[in-house]
Amino acid sequence: GAVVSQHPSRVICKSGTSVKIECRSLDFQATTMFWYRQFPKQSLMLMATSNEGSKATYEQGVEKDKFLINHASLTLSTLTVTSAHPEDSSFYICSARDLRQGTNSPLHFGNGTRLTVT
Amino acid sequence: RKEVEQDPGPFNVPEGATVAFNCTYSNSASQSFFWYRQDCRKEPKLLMSVYSSGNEDGRFTAQLNRASQYISLLIRDSKLSDSATYLCVVRPDAGGTSYGKLTFGQGTILTVHP
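From first to last, the protein sequence lines stand for chains R and L. So the number in my numbering is just where the residue sits in the first sequence, counting from 1, plus 389. Just so we're aligned: -2 in my numbering is position 18 of the second sequence, and the numbers increase by one with no gaps anywhere.
Treat the hints as calculated values from the structure; they're not laboratory data. For each residue, glycine too, the CB sits at the ideal point set by N, CA and C. Treat the hints loosely; a few may be bogus.
[Said to hold, decoys possible] Straight line, CA to CA, 16 angstroms or less: simulated EDC-like cross-link-like pairs of lysine to aspartate or glutamate:
#, chain 1, residue 1, chain 2, residue 2
1, R, Lys430, L, Glu(-15)
2, L, Lys81, R, Glu448
3, L, Lys81, R, Glu411
4, R, Lys453, R, Asp477
[To be verified] Residues on chain R that point at chain L, a partial pick, calculated with CB under 10 angstroms:
#, residue
5, Val393
6, Lys430
7, Leu504
I would like the entire structure built from these sequences, with the hints used as guidance.
Below, the structure written as structure tokens:
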């Protein structure tokens, strides 16, 4: 079964509005979660690393004021796309590692959120 | 040069065929390697980790050649349900806060037909 839950799975919003996406680790604690984005026919690209209790780390070219990340608990990270525009339409996926599986354990992905900005 | 390169395909094979995917990575310090599969409009799901000695899981065999910085995936006796995009994934390093960062190849599309 799923170990990382993401909500909502699909959202359509109007340009200029904000959208919040939640990512939860279901049966393990995740001090770090990762937010990826995938445009059509392209690879997943890491946007930012969400750190519980501290600021997120953003990859080069990702605007931290536009993509707000909050990791307030050991099982929940949220990504808020502020003032969304059509070019933000994409597939957003969160992920986390269960460190109980070892230091080289793979990432578990949420089911993704397909954002469409009209 | 891309950090992880794959032949995008598509590969169209009949049921029962054997198909191989290749992948190269540019960072020689990379520590961990995986194959994920992604179905259309879904999240990636781990298919298998790739170990230095090579490893097999049922019909799937993964190989790693660190000297050549090359990873492969072999699928034997292809099934219709194997149709998906196969992602070669590399973890750049083992330590620090970046331990969860993964670099994805663009994926190889496989279609298995009756």
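Hints and how they fare:
no., hint, result
1, R:Lys430 to L:Glu(-15), "holds, 14 angstroms"
2, L:Lys81 to R:Glu448, "holds, 11 angstroms"
3, L:Lys81 to R:Glu411, "violated, 20 angstroms"
4, R:Lys453 to R:Asp477, "holds, 14 angstroms"
5, Val393, "holds, 9 angstroms"
6, Lys430, "holds, 8 angstroms"
7, Leu504, "violated, 13 angstroms"
Of the hints listed earlier, those the structure fails to meet are numbers 3 and 7, in rising order.
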